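There are 2 protein chains.
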Amino acid sequence: MRILILGADGYLGWPLCMYCSQQGHEIIAVDNYLRRNMCRELDCQPIAPIPNLARRAEIWREVSGHDVPIYIGDIADYRFLKGVFEQHNPDAVVHLAEQPSAPYSMIDRDKAAQTVSNNLIGTLNVAYAVRETNPDCHLVKIGTMGEYGTPDIDIEEGWLEIEHKGRKDKFLYPRQASSLYHTTKIQDTDLLWFYVRTWGLRVTDLMQGPVYGIATDETALDERLLPNFNYDEVFGTVLNRFVVQAITEYPLTVYGNGSQIRGYLNILDSLQCIHLSLLNPAKPGELRVFNQIVETFSVNDLAAKVKEAGSTLGYDVKVNNVKNPRVEKEDHYYNPTYSGLLELGLRPHYLTTEVLADMFRLVCKYKENIRREMIFRGVSWK
Amino acid sequence: MRILILGADGYLGWPLCMYCSQQGHEIIAVDNYLRRNMCRELDCQPIAPIPNLARRAEIWREVSGHDVPIYIGDIADYRFLKGVFEQHNPDAVVHLAEQPSAPYSMIDRDKAAQTVSNNLIGTLNVAYAVRETNPDCHLVKIGTMGEYGTPDIDIEEGWLEIEHKGRKDKFLYPRQASSLYHTTKIQDTDLLWFYVRTWGLRVTDLMQGPVYGIATDETALDERLLPNFNYDEVFGTVLNRFVVQAITEYPLTVYGNGSQIRGYLNILDSLQCIHLSLLNPAKPGELRVFNQIVETFSVNDLAAKVKEAGSTLGYDVKVNNVKNPRVEKEDHYYNPTYSGLLELGLRPHYLTTEVLADMFRLVCKYKENIRREMIFRGVSWK
Chain A
0 MRILILGADG
10 YLGWPLCMYC
20 SQQGHEIIAV
30 DNYLRRNMCR
40 ELDCQPIAPI
50 PNLARRAEIW
60 REVSGHDVPI
70 YIGDIADYRF
80 LKGVFEQHNP
90 DAVVHLAEQP
100 SAPYSMIDRD
110 KAAQTVSNNL
120 IGTLNVAYAV
130 RETNPDCHLV
140 KIGTMGEYGT
150 PDIDIEEGWL
160 EIEHKGRKDK
170 FLYPRQASSL
180 YHTTKIQDTD
190 LLWFYVRTWG
200 LRVTDLMQGP
210 VYGIATDETA
220 LDERLLPNFN
230 YDEVFGTVLN
240 RFVVQAITEY
250 PLTVYGNGSQ
260 IRGYLNILDS
270 LQCIHLSLLN
280 PAKPGELRVF
290 NQIVETFSVN
300 DLAAKVKEAG
310 STLGYDVKVN
320 NVKNPRVEKE
330 DHYYNPTYSG
340 LLELGLRPHY
350 LTTEVLADMF
360 RLVCKYKENI
370 RREMIFRGVS
380 WK
Chain B
0 MRILILGADG
10 YLGWPLCMYC
20 SQQGHEIIAV
30 DNYLRRNMCR
40 ELDCQPIAPI
50 PNLARRAEIW
60 REVSGHDVPI
70 YIGDIADYRF
80 LKGVFEQHNP
90 DAVVHLAEQP
100 SAPYSMIDRD
110 KAAQTVSNNL
120 IGTLNVAYAV
130 RETNPDCHLV
140 KIGTMGEYGT
150 PDIDIEEGWL
160 EIEHKGRKDK
170 FLYPRQASSL
180 YHTTKIQDTD
190 LLWFYVRTWG
200 LRVTDLMQGP
210 VYGIATDETA
220 LDERLLPNFN
230 YDEVFGTVLN
240 RFVVQAITEY
250 PLTVYGNGSQ
260 IRGYLNILDS
270 LQCIHLSLLN
280 PAKPGELRVF
290 NQIVETFSVN
300 DLAAKVKEAG
310 STLGYDVKVN
320 NVKNPRVEKE
330 DHYYNPTYSG
340 LLELGLRPHY
350 LTTEVLADMF
360 RLVCKYKENI
370 RREMIFRGVS
380 WK
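From first to last, the protein sequence lines are chains A and B.
Each residue of the first sequence is one higher than the one before, starting from 0 at the first, in numbering that gives the first Met the number 0.
Each residue of the second sequence is one higher than the one before, starting from 0 at the first, in numbering that gives the first Met the number 0.
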């Protein structure tokens with residue numbers, strides 16, 4: 000299968016390029032270094048040095064023999080994006096090219112506007128490029144479980160049948176997110192659902208929970224191939240941050256009372272899920288939604304697990320309940336369904352002490368790069 | 000009350016400026032002539048010549064004695080918009096400054112991107128300007144009944160309580176629109192609902208049906224004050240188009256079988272509804288939604304009414320069922336609620352033969368401006 004990966008330089012994008020090319024697919028990689036530029040702007044670097052995308056592809060070719068052509072450009076530039084589609088005519092496109100940080104989207108008006116514009120014009124362009132070059136191309140878009148928020152009813156897998164005054168209809172599950180970033184992911188689904196209905200596009204929307212982890216089978220071949228693992232508040236996901244905090248003896252920054260429950264998954268499972276979706280495409284005119292998580296934890300659960308794993312390695316991990324900088328419910332009902340990807344064959348990697356200890360050991364190699372002042376800056380939602 | 004009107008040069012914007020200033024409010028008018036520029040680009044002019052906004056304000060001052068300061072600028076330019084808020088510190092802002100045409104948004108990628116960018120960055124900026132200058136300012140945004148689409152259950156007024164597996168929660172009514180333009184109106188609500196929850200803004204969302212009419216009490220003072228009444232397929236609303244078609248002996252362009260049902264209202268009622276919303280503002284932290292229609296008709300009903308009104312004036316009106324250029328259900332369930340504005344005191348003007356005959360008489364004065372080739376061009380959704 001020929002797969003175009005947009006956002007190929009990102010935390011998931013680059014591991015996905017390697018994983019899918021290792022699985023025998025032909026990969027074309029596109030990125031505009033937005034994430035790198037934003038990190039530089041906010042002075043928060045990933046824990047390990049990351050070669051640029053051209054150099055990553057070169058190293059990957061050396062260690063694997065697979066060639067991944069790269070294009071550096073902005074998918075918000077439609078002529079550029081359509082050109083890549085025309086040149087390669089992919090069977091599938093994985094759209095990871097969105098501004099991915101909730102705190103970033105809440106810093107100020109300019110960053111909010113950048114998030115809206117990047118995420119929506121990018122998604123619009125992908126829909127148009129598919130439509131204008133090959134409407135049969137399967138579009139896999141990464142959404143987020145955060146789009147659902149924390150409703151007082153069970154969270155279904157994308158769709159909800161509603162009975163009202165004796166009549167029934169089926170709708171996209173009602174969504175209300177808790178950051179502007181997450182809101183743009185509701186909006187890009189609005190866009191894609193419209194074009195799916197109107198043009199018969201085939202789209203899979205993967206409602207992903209926070210991903211953790213740093214190592215994949217492919218990064219094991221050469222550590223210069225590691226993903227951009229951020230540990231700062233703006234770009235780092237919660238469990239990755241906690242591991243770094245534990246290593247550097249920074250009390251774990253639990254927001255508020257820590258009762259917030261979310262669904263999580265290992266980066267290995269994120270790659271599996273996307274690949275399984277590619278192997279089993281949505282039908283023409285179908286917007287297929289999967290909830291991409293494998294287990295749920297409260298933030299307190301995560302802190303306790305990190306504390307426990309740390310203690311097996313000799314770390315005395317402290318926890319600090321900081322004032323919650325976000326506007327979110329701390330105590331809430333949370334019961335999401337996530338069976339679709341399991342039915343496609345997903346074999347989950349659960350969060351064990353051993354998995355955490357492996358993360359500790361790999362991250363610890365880069366301990367000298369950790370800058371404690373970058374860990375928490377308290378970007379406020381208010 | 001000091002009211003900032005964004006999109007003040009539009010079909011509703013200008014009549015609203017006059018109506019509200021006549022009601023004793025202080026009005027500040029903002030527009031960037033986007034609608035005029037788009038009309039010029041597509042070569043479709045309003046039926047009557049329209050002075051520019053500065054000249055309109057001047058004529059209005061002459062006939063009414065009311066001064067309406069105008070600002071020509073783009074609300075997507077945040078510094079400009081915030082400057083206007085800072086200078087005038089309005090009690091309320093009416094946001095009409097969106098790209099308002101469904102067909103325009105479906106022409107090509109560039110016009111789709113312009114619609115997304117204009118409508119969402121504009122709305123984001125309004126939310127930020129309110130937040131950063133006076134969070135108590137009441138924001139009235141014009142939405143559209145088209146956001147709901149044609150669900151198989153009753154359409155409620157913005158919100159829906161959902162019972163699912165024995166639990167209940169209340170959500171924004173699920174929306175799925177039938178054009179990209181209408182989709183951006185779902186998305187701007189997503190944006191505002193997020194900031195209402197997070198910042199406690201006070202917002203009224205008016206889900207308006209297609210508006211018809213050309214005369215208001217204020218335009219009666221001087222015909223140079225008429226709104227920009229478009230009769231072309233891209234910018235004209237359906238009943239306005241039918242009246243012009245009837246006058247020029249162009250068979251009424253009913254799309255498909257004409258069974259599509261929608262809710263409609265007279266421009267006089269649109270002004271009333273917005274004014275009533277301003278007089279009775281939403282509470283802090285409330286997103287209040289009203290369905291702004293006064294009666295429902297199928298397209299065939301409208302055609303029959305125009306035919307009947309025409310016949311009383313000697314016109315032999317023909318009907319032509321053209322191939323539907325849109326992707327929409329023609330036969331569908333439609334049962335919307337619209338009691339909120341009536342409870343606030345709305346006194347509806349229903350669509351009678353006399354109302355239509357008055358429209359015929361006024362439009363007929365400008366008959367020589369009608370260009371038949373502009374009436375239908377068949378902008379396709381596919």
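These are computed hints drawn from the structure, not numbers from a lab.
Nothing here was measured: the structure is a model prediction, and the numbers come from that model.
Just so you know, not all the hints are guaranteed correct.
Same chains, same names: a pair is fine if it fits in one copy or spans any two.
What the hints assert, rightly or not - Below, in silico cross-link-like pairs of lysine-lysine (DSBU-like), each with a Cα-Cα straight-line distance of 35 Å or less: (1) LYS167 x LYS322; (2) LYS306 x LYS81; (3) LYS167 x LYS304; (4) LYS282 x LYS167; (5) LYS306 x LYS328; (6) LYS282 x LYS169; (7) LYS164 x LYS282; (8) LYS366 x LYS164; (9) LYS328 x LYS81; (10) LYS81 x LYS322; (11) LYS169 x LYS364; (12) LYS282 x LYS304; (13) LYS317 x LYS381; (14) LYS282 x LYS366.
Going down the list of hints, with the structure as the test:
1. LYS167 x LYS322: between (43 Å within a copy, 30 Å between copies)
2. LYS306 x LYS81: neither (49 Å within a copy, 48 Å between copies)
3. LYS167 x LYS304: Intra 44 Å, inter 33 Å, cutoff 35 Å: inter-copy only.
4. LYS282 x LYS167: Both, since 24 Å and 32 Å are each at most 35 Å.
5. LYS306 x LYS328: Within one copy only: 24 Å inside, 57 Å across.
6. LYS282 x LYS169: both (18 Å within a copy, 32 Å between copies)
7. LYS164 x LYS282: both (32 Å within a copy, 29 Å between copies)
8. LYS366 x LYS164: neither (60 Å within a copy, 48 Å between copies)
9. LYS328 x LYS81: The answer is between: 31 Å across copies meets 35 Å, while 42 Å in one copy does not.
10. LYS81 x LYS322: between (46 Å within a copy, 31 Å between copies)
11. LYS169 x LYS364: Neither. Shortest intra-copy (51 Å) and inter-copy (49 Å) distances fail the 35 Å Cα cut-off.
12. LYS282 x LYS304: Result: close neither inside a copy nor across copies, 41 Å intra and 43 Å inter.
13. LYS317 x LYS381: Classified as within; 28 Å inside a copy, 59 Å across copies.
14. LYS282 x LYS366: neither (47 Å within a copy, 51 Å between copies)
When held up to the earlier numbered hints, the structure conflicts with 2, 8, 11, 12 and 14 and fits the remainder.
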